[in-house]
Amino acid sequence: MRITGVLVARGYNIESLTVAKTLDPTLSRMTITVDVEPKLRPQVIKQMNKLINVLQATDLTESPSVAREMLLLRVRTTMESRTAVLKEAEIFGARVVDSSVEGFAIEATGDPEKLDEFIDVMRSYGEIDVTRSGLLAVPLDQKKLRLAPPIVRGAAPIEEVHYEKELV
Amino acid sequence: MTKAANTPAGELMSGAKMLLECLVREGVDVIFGYPGGVTLPFYDALYDHPIRHVLVRHEQNAAFAAQGYARSTGKVGVCCATSGPGATNLVTGLVDAMMDSIPIVALTGQVSTKLIGSDAFQEADTFGITRSATKHNFLVKTVAELPQILHEAFYIAASGRPGPVLVDIPKDVFQGQGHYAPVSSIHLPGYKLYTEGHTGQIRRAAQMIWEAERPMVYAGGGIIHADAAAELRELVEIVDAPAVTTLMGIGAMPGTHPNYISMPGMHGSYAANMGMYEADLLIALGVRFDDRVTGRLGSFAPHAKVIHVDIDPSEISKIRTADLPIVGDVKRVLEKLNRVLEELKPEMQPKKSAGRIAWWKQIRTWKEEHPLEPSYSLDEIKPQHLISEIDKISKGEAIVCTDVGQHQMWSAQLIRFNAPRLWINSGGLGSMGFGLPSALGAQYANPDKLVFAICGDGGFQMSIPELATLVNYGLPVKIVVMNNGYLGMVRQWQELFYNNRLSQVTLDNFPDASQLAGAYGFKGRTVARPEDLRAALDEAVADPGPYLLNVLVSPNENVYPMVPAGGAINEMVLGPPQPVAV
Numbered sequence: 001m002r003i004t005g006v007l008v009a010r011g012y013n014i015e016s017l018t019v020a021k022t023l024d025p026t027l028s029r030m031t032i033t034v035d036v037e038p039k040l041r042p043q044v045i046k047q048m049n050k051l052i053n054v055l056q057a058t059d060l061t062e063s064p065s066v067a068r069e070m071l072l073l074r075v076r077t078t079m080e081s082r083t084a085v086l087k088e089a090e091i092f093g094a095r096v097v098d099s100s101v102e103g104f105a106i107e108a109t110g111d112p113e114k115l116d117e118f119i120d121v122m123r124s125y126g127e128i129d130v131t132r133s134g135l136l137a138v139p140l141d142q143k144k145l146r147l148a149p150p151i152v153r154g155a156a157p158i159e160e161v162h163y164e165k166e167l168v
Numbered sequence: 001m002t003k004a005a006n007t008p009a010g011e012l013m014s015g016a017k018m019l020l021e022c023l024v025r026e027g028v029d030v031i032f033g034y035p036g037g038v039t040l041p042f043y044d045a046l047y048d049h050p051i052r053h054v055l056v057r058h059e060q061n062a063a064f065a066a067q068g069y070a071r072s073t074g075k076v077g078v079c080c081a082t083s084g085p086g087a088t089n090l091v092t093g094l095v096d097a098m099m100d101s102i103p104i105v106a107l108t109g110q111v112s113t114k115l116i117g118s119d120a121f122q123e124a125d126t127f128g129i130t131r132s133a134t135k136h137n138f139l140v141k142t143v144a145e146l147p148q149i150l151h152e153a154f155y156i157a158a159s160g161r162p163g164p165v166l167v168d169i170p171k172d173v174f175q176g177q178g179h180y181a182p183v184s185s186i187h188l189p190g191y192k193l194y195t196e197g198h199t200g201q202i203r204r205a206a207q208m209i210w211e212a213e214r215p216m217v218y219a220g221g222g223i224i225h226a227d228a229a230a231e232l233r234e235l236v237e238i239v240d241a242p243a244v245t246t247l248m249g250i251g252a253m254p255g256t257h258p259n260y261i262s263m264p265g266m267h268g269s270y271a272a273n274m275g276m277y278e279a280d281l282l283i284a285l286g287v288r289f290d291d292r293v294t295g296r297l298g299s300f301a302p303h304a305k306v307i308h309v310d311i312d313p314s315e316i317s318k319i320r321t322a323d324l325p326i327v328g329d330v331k332r333v334l335e336k337l338n339r340v341l342e343e344l345k346p347e348m349q350p351k352k353s354a355g356r357i358a359w360w361k362q363i364r365t366w367k368e369e370h371p372l373e374p375s376y377s378l379d380e381i382k383p384q385h386l387i388s389e390i391d392k393i394s395k396g397e398a399i400v401c402t403d404v405g406q407h408q409m410w411s412a413q414l415i416r417f418n419a420p421r422l423w424i425n426s427g428g429l430g431s432m433g434f435g436l437p438s439a440l441g442a443q444y445a446n447p448d449k450l451v452f453a454i455c456g457d458g459g460f461q462m463s464i465p466e467l468a469t470l471v472n473y474g475l476p477v478k479i480v481v482m483n484n485g486y487l488g489m490v491r492q493w494q495e496l497f498y499n500n501r502l503s504q505v506t507l508d509n510f511p512d513a514s515q516l517a518g519a520y521g522f523k524g525r526t527v528a529r530p531e532d533l534r535a536a537l538d539e540a541v542a543d544p545g546p547y548l549l550n551v552l553v554s555p556n557e558n559v560y561p562m563v564p565a566g567g568a569i570n571e572m573v574l575g576p577p578q579p580v581a582v
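Chains as they are written, first to last, in my numbering: chain U, 1 to 168; chain B, 1 to 582.
Honestly, the hints are just simulated from the structure, not real lab data.
Owing to the predicted nature of the structure, the values given are computational and were not obtained by experimental measurement.
Think of the CB as a built atom: it goes at the ideal place given N, C-alpha and C, for glycine as much as any other residue.
Be a bit skeptical, because a hint or two may be false.
Here are some chain B residues pointing at chain U (derived, C-beta under 7 angstroms) [to be verified]:
#1 Arg131
#2 Ser132
#3 Tyr155
#4 Gly190
#5 Tyr191
Could you put together the complete structure from these sequences and hints?
This is the structure we're talking about:
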C-alpha cells in the first residue's frame, strides 16, 4: 500500500502489479507497470526508493530486461471447432490445463502484445473468460543491491537527560 | 539514572513499561499527549515514571507542541494519543511536520490485535490513514517487536531528512508481558542515507561559484535541520555573496548580517526577488523550490545555473533541474565546500571582481528603492508597527511562533533573528492554530527564553483550549493576537482577485481579552491606540506568567510586496494602488 500510494497520490494509473516472495522469504519483488510521462519517471523511482521498506526500485523502461505475462483463459466451444482451438493454442505455445465438453481452460505466457492476439483469436471461437497475471520482469544486467549497514541504537541509556528539571 | 533504566536485561515486563524504557534510552524527557481507553495501560505505567507528560487539551495541539519542542531544540518531539479520534486528531500535526521535515514520534493506542478490523469502539485504521502523513509508520503486532520498532522510529524521525514517524500500539501489546533486553543495533537495509556529498561535485561547485558574476545563496529549512548556520555564514563570507533565506530558513543567517537580504517569494522583498531573477548562479542549500518561492516556474531565475544541495535525492530536479546536484547533509557538504572555496580564492576571486562589485551595487540599489519597512499611523495600529515593536523587544533573541496568514508574512519580513531555531511557523502546510501550541512546546523546552505566540484572530480562536495548558504547566508564553477582525489573508485575496466580495471572512465576536485570560487565571488586555502599544507589550513581557495581548490593528491592511499566484517573481505588486493627482 505504501508503494501503490506513491503512485496513486500522484494520480498515476497502475496498469498491472505483481508481487511474490524472493529466494529470501523476508523480501518480495514487485513488478509494476504504470503509465508515467517519461520526464517524470526518475522522480517516481526516487519517491519509491525513499520508502524505508523498499530496498531498491529500478526503471526497466529502457534498460535490458525480459518481461512476460501469463494468462488463463476459458473458452466455450462447439464440438466441431475443438480441434481448431487446440491447433491455435499450439501455434501460440499455449497449454490446455482443463478440458470439458463445454470447452477448454488454456494457459499462455508471452509478452503482452502476443497475449492480446491470442485473446482475439480465441474470441472468434466462442465466449471467453480471461484472467491475466500482469507483467513480470527481470533485469538482465546484474546490479548489486546497495543496502544500508546496521547501526548501533538504543544500547545504552542517554545520560544527559535530567528529569529533575523544574520549570519557572 | 532512573530506576527503570537499571532493570537487568531480559526482565519480564509489560509492553507499556518496555515502551517507557525505550523512551528513556532515546533521551525523551517529555511527552505531549492526551489519554484514552486503549492507552490506559500506558498511562498507568507513566503514573510513577520520571518521564514528564504535558496534558494538552486537544490531540492536534499535542502534535504541534511536540513540533515546537523539536523545532526549538533539534531533538525529537514526542506526542501521544489514543486510538480512533485521538489518532485522527493528530493527523494535521503529522502532515504539518512532514511538510516542514520536523522530527516527531507519535505514539497512538490501537484496539487489541484480535479486534482490529472489527469496527470496534474507537477503532480507526490509523496505520492506513497516516501512511502518507508520515515519513514512516508502524503497527506493532507483538510485545517482542516493540523495542526494536521504537528505536527504529526515533532513528528514522531524526536521521536523513527528518520527519514524523507514527507507532500504532494495540492495547494488548501494552498489556502483554515480554522479556525486555536493550536493543543493541537496528538494521534498515532499505533506508539509505547519503550524507557526505560527492567530492568531485563539491569541487565543481566551488569552481562554479567563483566563476559566477551574480551568485545568489538560496538557503532553506535544511540549513536549520542540519545545524549548518555557521557553515552557511562562512560560505557567504568567503565568497561575499548575497543570501536569501526561505520562510523555513529564516534564522539560518543573522537578520542583521550585511550579506543577508531577506525572504524571497510571494511576500518576499523586492531585492530578494529581483536578486533571484537576475542571478547567474543559484546556490540552493536545503531548499525545495516551493511554489511560494518560485512563482511562475518558467520565469524563475531564468538566467541562473543551479547548484542544489539536499539530503533527499527526490528533491533534486523535482521542480527545477539542477545543473550541479549534490546529495548530502548540507553541513558536511558546506564544510568541504568552504575548504575548496578558500583554496581557490586567491586564484579565482580577482577574475570576476568587477562583475561582483556591479552585482552588489545593483542589490543595494534594489534594497534602497523598495526596502521592507514598517508603516506607521497616528490613528490606528498598523500591523507592521506591531511586528516591528516585537522585533525591537526581541532583539533577535526571542522565540517567535506564528500561525499562518498575514501576521506570519509580516513577522517573516520584519522580525530579525540572530540564530536558528527561534523562528517557528507552519511553512509548508500552513496550519491555522499552530502558533500557540507550538509556542507551548517551545517554551517547555526553553523555560528561560522569551517566547511569543503571534496569532491571527482566526488562528488564535482555534487554539483557545491550550490557554489552560499554559497555566497548568506555568508556561509564560506571550500571546499577541494581531486582531483585524478578518481572516486577513483570505480577505486580501478576495479584495485583490475576487472584486472585494468578502465571503465568510469576517470574524465578529472576538472575546474580551482580559476576561478570557482572566477566566483562565492570567492577565490579558486589549490595545487599540498606537501610543499605547509599546507600553502594553512591555507589560506583557514583564509579567511573570502567560499573557494575552489583543492588538486591534487596521483591518484592511494588505501584505506587500506580493507576487500574485502564478506570477513571475520579478513582477511584484509593491503596494496598494496610489491615488492619482488630477
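Structure-based check of all given hints:
1. Arg131: holds (6 angstroms)
2. Ser132: With Cβ-Cβ at 6 angstroms, under 7 angstroms, it holds.
3. Tyr155: holds (6 angstroms)
4. Gly190: holds (4 angstroms)
5. Tyr191: holds (5 angstroms)
Of the hints listed earlier, there is not a single one the structure fails to meet.
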